[in-house]
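Just so you know, the sequences run in chain order A and B.
Residues in the first sequence are numbered consecutively from 16, following this note's numbering.
Residues in the second sequence are numbered consecutively from 80, following this note's numbering.
Incorrect hints may appear among the rest.
[Claimed, not checked] Derived DMTMM-like pairs: lysine to aspartate or glutamate, alpha-carbon spacing no greater than 25 Å straight-line:
hint, chain 1, residue 1, chain 2, residue 2
1, B, 504, B, 423
2, A, 118, B, 560
3, B, 261, B, 240
4, B, 504, A, 215
5, B, 538, B, 521
6, A, 118, B, 509
What the hints contain is simulated information worked out from the structure, not anything from laboratory work.
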Amino acid sequence: MSAESTRGHSYDGIEEFDNRLPNWWLWTFYLACIFSVGYWIHYHTVGTGDHPIESYVLEQKAAAERMAVQAANNPITEEMLLKLSKEPGFVAEGKKLFEEQTKCALCHGPMGHGTTAMNTPGIGPNLTDDHWIYGSKPMDVYTTILKGRTPDLVRKTMGGMQAWDSFGTDFVLKTTAYVLSIKNTNVAGGKAPESYAVKEP
Amino acid sequence: MSQGDSNTQPTGAEGPGGVSGAAGAVPKPVVQKGKQVVRRPDVDTLFSINPDGSRNAIHPADVHGRFQRRKNVLFAVLIAIYLVMPWLRVGGRPALLIDIEARHFYVFGQTFNAQDFWFAFFFVTGLGFTLFVVAALFGRMWCGYACPQTVFLEGVFRRIERWIEGPPAARAKLDKAPFSQKALRRGTKLLVFAAISAVITHSFLGYFMPVEVLVEAVTSSPGKHPTAFTFMLVATGILFVNFTWFREQLCIVVCPYGRLQGALYDQDTILVGYDGKRGEPRGPAGKQGAGDCVDCFRCVTVCPTGIDIRNGTQLECVGCANCIDACDDVMAKLGRPQGLVRYDSQRGFETGTRRFVRGRVFLYVVLLCLGLVAVTLALTRRRPFEALLVRAGGSAYALEGERIHNTFDLQLINKRPGPRRFTVKSSTGEAIEVVIATGELDLGSLEDRRIAVHAFVSKAAFKAGLRLELTVTCDEPDGAEDLVRIASAPLLGPTSIRH
Numbered sequence: 016m017s018a019e020s021t022r023g024h025s026y027d028g029i030e031e032f033d034n035r036l037p038n039w040w041l042w043t044f045y046l047a048c049i050f051s052v053g054y055w056i057h058y059h060t061v062g063t064g065d066h067p068i069e070s071y072v073l074e075q076k077a078a079a080e081r082m083a084v085q086a087a088n089n090p091i092t093e094e095m096l097l098k099l100s101k102e103p104g105f106v107a108e109g110k111k112l113f114e115e116q117t118k119c120a121l122c123h124g125p126m127g128h129g130t131t132a133m134n135t136p137g138i139g140p141n142l143t144d145d146h147w148i149y150g151s152k153p154m155d156v157y158t159t160i161l162k163g164r165t166p167d168l169v170r171k172t173m174g175g176m177q178a179w180d181s182f183g184t185d186f187v188l189k190t191t192a193y194v195l196s197i198k199n200t201n202v203a204g205g206k207a208p209e210s211y212a213v214k215e216p
Numbered sequence: 080m081s082q083g084d085s086n087t088q089p090t091g092a093e094g095p096g097g098v099s100g101a102a103g104a105v106p107k108p109v110v111q112k113g114k115q116v117v118r119r120p121d122v123d124t125l126f127s128i129n130p131d132g133s134r135n136a137i138h139p140a141d142v143h144g145r146f147q148r149r150k151n152v153l154f155a156v157l158i159a160i161y162l163v164m165p166w167l168r169v170g171g172r173p174a175l176l177i178d179i180e181a182r183h184f185y186v187f188g189q190t191f192n193a194q195d196f197w198f199a200f201f202f203v204t205g206l207g208f209t210l211f212v213v214a215a216l217f218g219r220m221w222c223g224y225a226c227p228q229t230v231f232l233e234g235v236f237r238r239i240e241r242w243i244e245g246p247p248a249a250r251a252k253l254d255k256a257p258f259s260q261k262a263l264r265r266g267t268k269l270l271v272f273a274a275i276s277a278v279i280t281h282s283f284l285g286y287f288m289p290v291e292v293l294v295e296a297v298t299s300s301p302g303k304h305p306t307a308f309t310f311m312l313v314a315t316g317i318l319f320v321n322f323t324w325f326r327e328q329l330c331i332v333v334c335p336y337g338r339l340q341g342a343l344y345d346q347d348t349i350l351v352g353y354d355g356k357r358g359e360p361r362g363p364a365g366k367q368g369a370g371d372c373v374d375c376f377r378c379v380t381v382c383p384t385g386i387d388i389r390n391g392t393q394l395e396c397v398g399c400a401n402c403i404d405a406c407d408d409v410m411a412k413l414g415r416p417q418g419l420v421r422y423d424s425q426r427g428f429e430t431g432t433r434r435f436v437r438g439r440v441f442l443y444v445v446l447l448c449l450g451l452v453a454v455t456l457a458l459t460r461r462r463p464f465e466a467l468l469v470r471a472g473g474s475a476y477a478l479e480g481e482r483i484h485n486t487f488d489l490q491l492i493n494k495r496p497g498p499r500r501f502t503v504k505s506s507t508g509e510a511i512e513v514v515i516a517t518g519e520l521d522l523g524s525l526e527d528r529r530i531a532v533h534a535f536v537s538k539a540a541f542k543a544g545l546r547l548e549l550t551v552t553c554d555e556p557d558g559a560e561d562l563v564r565i566a567s568a569p570l571l572g573p574t575s576i577r578h
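Turn these sequences into a full structure, and let the hints steer you where they fit.
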């Protein structure tokens, strides 16, 4: 601790004392050294630790499994939607929602056949024919209404279907039931199928 | 460096490693107590570290005076603000909540989302320049009066230590006492310290999660909020170790602001200092030719970082003004004028004159003002809601007979502090037929929605550069003027190139 014990170098007259470092400081260094040995063995020698990419893949796998379990436990199933589409009361409520001018009817027409109230072709496809763009299976229709549809570059579909999840599950279930109930009813004056729509049995 | 016989010393803080300060320093007196040499603070070493590297626990003596009174009031106010802030609400929203998980930031009635994060730049630089200005003018004013480390250590922990373990001498004695004798007092103190650390941590959490959630988390099983619980445990542990043991080491060794100081001081910075001209040579009260300093070491015993302020400006000094109060007290008893240790600049101590406005202060203030102007402009131009009209992902346009069909997504984000109703209307002329999936919708605060928009234009009316324009209106309650924004995007279609 005397002023005489310097490191012996001088930069612009600035010298450095040769004081002992605080023990707590040294201990952070010693502990880091000890830690690095364990780290080296864990990750590089024995390989029991996962490298970033491996742990990323593992996390992705775990997430996929979680989602698979979630999907398996999804309360909304094909059978349930089919059953709902055959309940007249439920379908009637869906019809009422569908016909509201600011909702489905805006693009698909009040009767769902793709023709607007002014008798002009609507934006949305005809839902009463046998041509479907995004599938006519109950879960397909449900997903289309829930999440909306964006353009598909490969199939050259226009997209532009609004996501209705913000209106709640009840809204989506009722409108899905209604759409399933009018499938293949071929209402007269309906809009012609789009070029990219697929004919379904 | 000493102020008394100073030669051409450069200003600025000195590291524990020492600059050239040793040359001008007062020769070190060797004090003996029995056979043992008593160690006194010097500028060559850290007093809080013994020559063998072990820790020299510092127990600053009790001190009273005008700066202590001011600090006590300030500490109480700052701690009250810290503890109360998470519970305050402005307009039904938390006054200050940085909800990182939901990316919602509530700042005194304003709501920000992740897109507004760039305002943080102005906050951080503003804070930086404010500290620059303060440091250039008054040195480590922040450290001695407002830094959480000081506020909690001096305002809470040291005080409780005084209550439980007694005055400094008793505390030093307790340090050396065998375990069986100190277990009860030490144990009690450590328990209380741990409890207070936990309170500080919980209050801190209250700035990052809503207090209702925090209260729910505290009263329920730790497993329900594992992240918050782990954070609480780790942070409480860090605070506990810091306030029981690490203490002044943080200010001396860890804190970057403390180490920056040397670059921010100059000859005219007002610092806690010792008037060497008046004080030297030191000597007992009655001695002929002696200066005003009676070498009583009160200024040293009250120092929380263990320095002798008479050795000049040192890196360890946090500007707590304990030594000023201590010396004033002694001078009053001796009937001598106060201010032997006082706030003054290096120039003030040497020549008796002070300069307040200097180039660097001017520059720091100008830079600070520039930042303030920029942030004021930015905040006043901040959009109350976002309305972004973008082409629907991956689509170009479609020809449907004589019409051109373009699909867009309108991305709406409500940045108002409460729920609002939004209306979307086309403000383009008759030529473009627009269908908006939901023309009227309600959005909660910081909620967002994607709305499908279709635009049709006849081939004949289409020309390159044609744009779709939507007027989005946000209904403001209580008769306030409605907020309007225009969202626009170009329409695409077939164009022929003419040469």
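Verification of the hints:
1. 504(B) <-> 423(B): 66 Å, violated
2. 118(A) <-> 560(B): Measuring from Cα to Cα gives roughly 29 Å; hence the hint is violated.
3. 261(B) <-> 240(B): 13 Å, holds
4. 504(B) <-> 215(A): 37 Å, violated
5. 538(B) <-> 521(B): 36 Å, violated
6. 118(A) <-> 509(B): Answer holds: residue 118(A) to residue 509(B) is near 23 Å, not above 25 Å.
Checked against the numbered hints given earlier, the structure breaks hints 1, 2, 4, 5 and satisfies all the rest.
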